[in-house]
Every structure is written in C-alpha cells, then in structure tokens.
Amino acid sequence: MFIRKSFAVNLGGIRVRSRCLCGAAAAGPSGSIRQSNHGQEQQCSGTSIAQYDIAIVGGGMVGMSLACSLASMPLTKHLNVAIIDSNPALVNGIRINKQDPPDPRVSTITPATTSMFRDIGAWQYLQPYRHAYFDQMQVWDYTGLGYTRYHARDVDKDSLGCVVENKVLQSSLLLCIQNADFQKRIFPSRLVSMSLNPGLKSKQMDGISSEISRADLAKLHLSDGTCLYAKLVVGADGSKSQVRELAGFKTTGWNYSQNAVICTVEHASENQCAWQRFLPAGPIALLPMGDNFSNIVWTMNPKEALDRKSMTEIDFVKTVNHALDHGFGPHPTSSLLGKGNIFSWFGAGVPTSGNGGFEIPPKVVKLASERMVFPLSLRHANDYVSKHVALIGDAAHTVHPLAGQGVNLGFGDAFALSRVIGEAIAVGMDIGEASLLKKYEAERKPANIAMMAILDGFQKAYSVDFGPLNILRAAGFHAANYISPLKRSIISYASGEQRLPLFT
Amino acid sequence: MASKLLHRVRAVSARLKYSRTLSPTLAAFASSRLLSDVAPSASTSPAPQSSGSSDKFEHNAKSSSVRSSLKDPELAKFSAIADTWWDSGGPFKPLHLMNPTRLAFIRSTLCRHFGKDPSSARPFEGMKIVDVGCGGGILSEPLARMGASVTGVDAVDKNIKIARIHADLDPVTSTIEYCCTTAEKLVEEQRKFDAVISLEVIEHVADPAEFCQSLSALTIPEGALVISTINRSMRAYATAIVAAEYLLHWVKEMAGFVYNPLTGRWSLSDDVSVNFIAFGTKNSQ
Chain H
11 MFIRKSFAVN LGGIRVRSRC LCGAAAAGPS GSIRQSNHGQ EQQCSGTSIA QYDIAIVGGG
71 MVGMSLACSL ASMPLTKHLN VAIIDSNPAL VNGIRINKQD PPDPRVSTIT PATTSMFRDI
131 GAWQYLQPYR HAYFDQMQVW DYTGLGYTRY HARDVDKDSL GCVVENKVLQ SSLLLCIQNA
191 DFQKRIFPSR LVSMSLNPGL KSKQMDGISS EISRADLAKL HLSDGTCLYA KLVVGADGSK
251 SQVRELAGFK TTGWNYSQNA VICTVEHASE NQCAWQRFLP AGPIALLPMG DNFSNIVWTM
311 NPKEALDRKS MTEIDFVKTV NHALDHGFGP HPTSSLLGKG NIFSWFGAGV PTSGNGGFEI
371 PPKVVKLASE RMVFPLSLRH ANDYVSKHVA LIGDAAHTVH PLAGQGVNLG FGDAFALSRV
431 IGEAIAVGMD IGEASLLKKY EAERKPANIA MMAILDGFQK AYSVDFGPLN ILRAAGFHAA
491 NYISPLKRSI ISYASGEQRL PLFT
Chain Z
1157 MASKLLHRVR AVSARLKYSR TLSPTLAAFA SSRLLSDVAP SASTSPAPQS SGSSDKFEHN
1217 AKSSSVRSSL KDPELAKFSA IADTWWDSGG PFKPLHLMNP TRLAFIRSTL CRHFGKDPSS
1277 ARPFEGMKIV DVGCGGGILS EPLARMGASV TGVDAVDKNI KIARIHADLD PVTSTIEYCC
1337 TTAEKLVEEQ RKFDAVISLE VIEHVADPAE FCQSLSALTI PEGALVISTI NRSMRAYATA
1397 IVAAEYLLHW VKEMAGFVYN PLTGRWSLSD DVSVNFIAFG TKNSQ
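In order, the protein sequences belong to chains H and Z.
Quick note on this note's numbering: the first sequence kicks off at 11 and runs consecutively.
Quick note on this note's numbering: the second sequence kicks off at 1157 and runs consecutively.
In short, the hints are calculated from the structure, not lab data.
Small disclaimer: the values here were computed from a predicted structure and weren't measured.
Treat the hints with caution; some may be incorrect.
[Stated by the list, open to error] The calculated DSS-like cross-link candidates involving lysine-lysine, where the alpha carbons are at most 30 Å apart (straight line), are:
(1) Lys87(H) - Lys319(H)
(2) Lys449(H) - Lys1272(Z)
(3) Lys260(H) - Lys1249(Z)
(4) Lys376(H) - Lys328(H)
(5) Lys1249(Z) - Lys448(H)
(6) Lys470(H) - Lys194(H)
(7) Lys194(H) - Lys1272(Z)
(8) Lys194(H) - Lys250(H)
(9) Lys455(H) - Lys1272(Z)
(10) Lys87(H) - Lys1284(Z)
(11) Lys449(H) - Lys1249(Z)
(12) Lys1233(Z) - Lys1272(Z)
(13) Lys1233(Z) - Lys87(H)
(14) Lys1249(Z) - Lys1233(Z)
(15) Lys319(H) - Lys167(H)
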C-alpha cells in the first residue's frame, strides 16, 4: 500500500489481464467462464481427464517444498498432487558431483527455513552435500563512517544462516518427495491455459466422453495436450508466473536500474563470515560456502555489469578485492566523529555489543565459476489468491537480493499454505475455497510486503551519495552495532524468527 | 408455566426477525415454518418416495443421489440461487465466516467422545450424523468430507433443492441424503443417528423443550448432540438453555462464539453472551 503511494511510476509495467471474475456471483448469459486461453477450448488428448486435489505448477525449490510439506503432515498426506514442470531433472533426478566447485546460484537460508526443512524431513538429504553455516556478519559502506558486526551469539543462536547451492536444495527436496509415501505425479510439460469455472451455471454434460464436466474444479491444459482437473492450482512458477498471468492477477513493481553479477570465488583459507559492503553503485556481498569457497553477489548498473562479466578473470579478481577492501573509500573506524562516540550519551547503563573491531574480508585468490548476470526488479502480486488459485514464492513477490531473503519468503509461503490447507481439511472444507485461501494471504502478505518495503528502502537509501544521508546511514550502522535490543531485533527478523519488524 | 415460556419465546422470536446483521441467516429460516408446527403442505411432501416427475429432487432414503437433467428449467433457476447461497462473499457471508469455527468445535468434541483420531483427514468414517435445519448444506458437506454418512433435513424445500444441487458437484458430498422434513417426522420414522447436530435452529422453534426431546430421540444411546444458538438477550439464553440444560440435563461442554469485527473472524471463547454452541451426550437409560 505505502509502496504504491510513494512510488507512482511502475517501470516494470503492470500486466492488466482480463478481469478476474472471482466467485460465483457473476451474471451473464455466456456463463462468464474464466477461460484464459483467448476463448478457445482446447482439445484434450486421452479419453478420461485425471483429477487431482492440488496441481503445483512449477517444480522448483518453492513448489517442491510445498509438496514435501503436504507429504509430511498427517492431515494432508492423503492428497493427490500433480507437479507440472518441463524440467527433465524432476523425472531423471539431479546428479551432484561433490568434487565440482560450487554453482554460482546459491541461496542463503535463514534458521527459520532450516528448521522448516527439518520438520518436513528434507534436511537429511541436504547434509551430505556442501553447505556452510555462518555465525558472523559484517555490514559497512564506502564512506568509512561506520560498520556493524552481527554475531549469532547476540541472539543466543549457533548460526545466522546457511549458504546452500540451489541445485543441492532442489535435489534434497526431490529426494524427500520421492521417498515419501505420497501420491504425486510429475507432468513434464508446461501449463498453456486454465479454465476456472465460476460455479453451477456452467455445469455441462459432455455427451462425447460421457463424463460430467466438474463444475467445482479448475481445468488445466498442458503443452503436450494432456488435461487435468484440480481443486487447487498453486502457482510456484517463478517471477514470470504463467499461473499468475492466466488467473488475471495484477502486479505492482518496478525494475531496479541494477543488475547482479554472481559467481563463485576461492580463498586461501576458510571464510566463515558473511560480508556486505554498500558501494556507490550497489552492494557487494561475499557469502561463505565451505571448502574455502565463497559466493559473490555484486549489484551494479547494467553497463558495469557487462564490463565486469567480460573482463579477464585476473582483472575481475582484482576489482573484487578492490571493492571489498580500499576501493571507493576508507575503512571505517569504530567511532563516528573521531573522538567521542556519538552514542556515549546513552549512558553507561546501556549494554553495548560491538563485537570486536572492523575486519577486512579475506582476499579472493581466484575465480571458481562462470560469471552470471541477472536484472533486478521488485514485483508484487496485488492478490495472492482467488478461487482455486494460490501463488507462492517469486510468482507472488520478487525482491532485491541485498539481504538474501527472497527464497526464504517463498519457503515461508509454502509452509504457510500447506498449514492452511491442513486446517481446511480438518474442518472438511473444500481446499479450493477462496475464503480459506484468503487466510494464507492474510498471513503472508503483510510479512512479505514489510520485508519488501525494508529491502526497497535500503536499496533506495544506499543509492544516493549525499553527505547528510551518508552520516545518517552511518548512524544507522552504529546504532545497529551498539544498541543490543535493536541488533537483536534485526537479527531475529532477518533470521526469519520474527515475522514482522516490530519491537514486541 | 409452560405456556408462559412459550409466550415469551414467541415474543422473542417475533422481535428477532429481520433485526440483526445476521438477518440473511434468519431470512433463510424466517420464511420457514417453525419446526414443531403444522405439517408442511403437499407441494413439499416429505415422503421419501418420489411422487411425479416434476419434483426431481425428492430423495429416496435408500437410493443414491439423483442427477438432474440439463433441460430442466428448475435446474437453472435453483443453480442461480444456489450460487448466491454458497458465495462466501455474498449475502450469507456471516454464516460462511462462522462455519469453520463451528466445525472445529464439532470435530474436537465428537472425536473426543467417539475416540476418533483427530489427526485423520476422515475421522467420522462409519458414523451416521443428521444435520437438523441444514439450510443449503453448509454444515453437511464438511461433515461428509470428514467421512460421515450425513442426512440433512430442513423444513424449507428451497433449501433442500439448493443443498442437493451443490452437493452433487463433488462425488464426496453427493452421498449426502437430503430430505425436506422435520425432526419430529424423523422420530416417527424411528431414525437413529450417532450424532445429532442442530445449529442456529432452536431460536426459531416454537417449543424448544419439545424440539430437544425430538433431537434426543434421534440420538442412539451414548450418542452425541450438538446445539448452537444466537444469544440475543438474556431471555434467549434463558429459553434455549433452560430448555436444554435444566429440562434434559445433558450439556457437557459449552463454548461461546465471539466475532471480532476487525479481523472478520469468529473464534471460540468462554464468552457465551452472544452466540454459543453446546455439546452433550445421551446417557443410555
């Protein structure tokens, strides 16, 4: 809401689809069927159309985590689930060679996500592969005016997060679902169109196949000609979600004028801390991966991104070290204005926790993977649910990677949705019912929007080089470093323990 | 004394009609005859055998559900009404909002009483339940999804038609038996059920005591009985609860229903001053 009010320009372009006629109240002689395939009822191959309780469109990390979560709960494990994704890895499996250096595509999963993975029984499949916990984090910027060091012991925890390659996450979820006693069928195909029947008026007798068209179900048409019915269609198909488009959900958002360069690098010794330095063009993050490897996520403007991608490896390593060390500005010292900490007037009673002094990140020795470039944007679906449809993960929201939160929001969605489905089954409700799906939306939307607003705020705050603002930001660093309750709250929120950034 | 009670109930129910935000719920029942009144007229004959082809929705107790023909103009007309009744954002929204909370109470009390596994998706498998005053089937359908063999009865034929159409959409709920009849008639037919549920009905009944007697007669020994009502005033509380508790001595567990207008949610609470639901069991004689 406040995002829309403050930033009126939507550079990303709102995709306005045909009006979404939710519920059964729509009148009209034609029956007002929500058919999003440009009016043509496609033929289905085969004689009978299979019916599923839930069709998960998108078998990525978030979609599979929903499937695993449903398989792990007694109330939902009897459900019949279809997973629609044309990625052959879902059928053939994902082979991971432990000797390979890490993939540049990684995710930082919060402790809250880790415990959810343990709850659904997927963590055990992840443990044999490379993954790195980190218990420290340092955040500073180019002005040299301040820094913050976070430590897991500030919140009495063992770690702040864990960095895992996406293919490891996907593989462990796939193994989890394969080994679960759960009715599922993988459709190696793409969703082309959906019919979301409005209700009783369109109930038809199909004389040809002698099958009564189910008026209370969604009908999906896939690219290979198969059709299926489902009570609930879950859109887990990423930021360019087909489900979101077909169901007519409007989105709000804009593109950041930034791209992210992503790669794996190697050090001379183990890196055990997460580092993030805000530079004038965008932040550079160095995330520990284990085995002396780290992952780089470097946000910058598109031209620089292209330059950095195409320059030689040696030059790239030099610029990375430069950016993490003396480049663009001096190292911060522990006090803001030279002598006399600005916060000394808080008094001796306030417990401070500066965890040691500022440290320089470990030097990068060589590049260990290809460099990938991604455009960054913010996008949020105005609604997450309507009758028979729910969106989770990037399909519902895309965020800036600067705090490593994106996929954690998606996992949070998946686990919340599976819980809501379980509660619905407990009271015998139809799982495609909009009012019940709204419960999931009411739970996740505020939390996701709050996170997006904060990340967007950071992104905007750090893209301006202006003296007074620099000092304000530095004051923010100092506050976060030295005021324990604030620091605890920040860590708690970023770890996923706290749902909203409130001081409760 | 009984006539004074009756007099007060009639006065209260006359005042209750059309006077509250929950009037859509009432409206469905307000047009109905009070359950203990004169037998319904011939057009809505409750006889189980279907009489004449015009009334396609009468339901034989033994037969499976009747699929209606597409050409029937009645189907179209009732489909439209059913859509509105079942639209959870439509005129019956308060009822739809309240439903999950009622079901949670029923599920927990019945599972506990009958020793069923509460984490099962179909805990009522094998149980026979009757929903007295079923309306459009808002309670009957979830009960069927929870595995029960459900019979839904309502004195208003329109409601039964709506319920039948909607239940036939899903194979799981199409097994529900709907009859346009009264609790008293079921007693005469000597029907027995493991659980008898009557929600938001007793406040419309002319003689709550007699109504409770009928409900009790429908319950097997050691069966369960669940009644809920809107407590509009101390008098409503008095009439309904006095009838149930002190005359029949069966209430074991009572919970209040509280509505939070900010969140739009109903929840169970100890506050019985607005709306409450009560569960009891019938002791074997």
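Broken hints, by number: Per hint list: 1, 6, 9, 12, 13, 15 violated.
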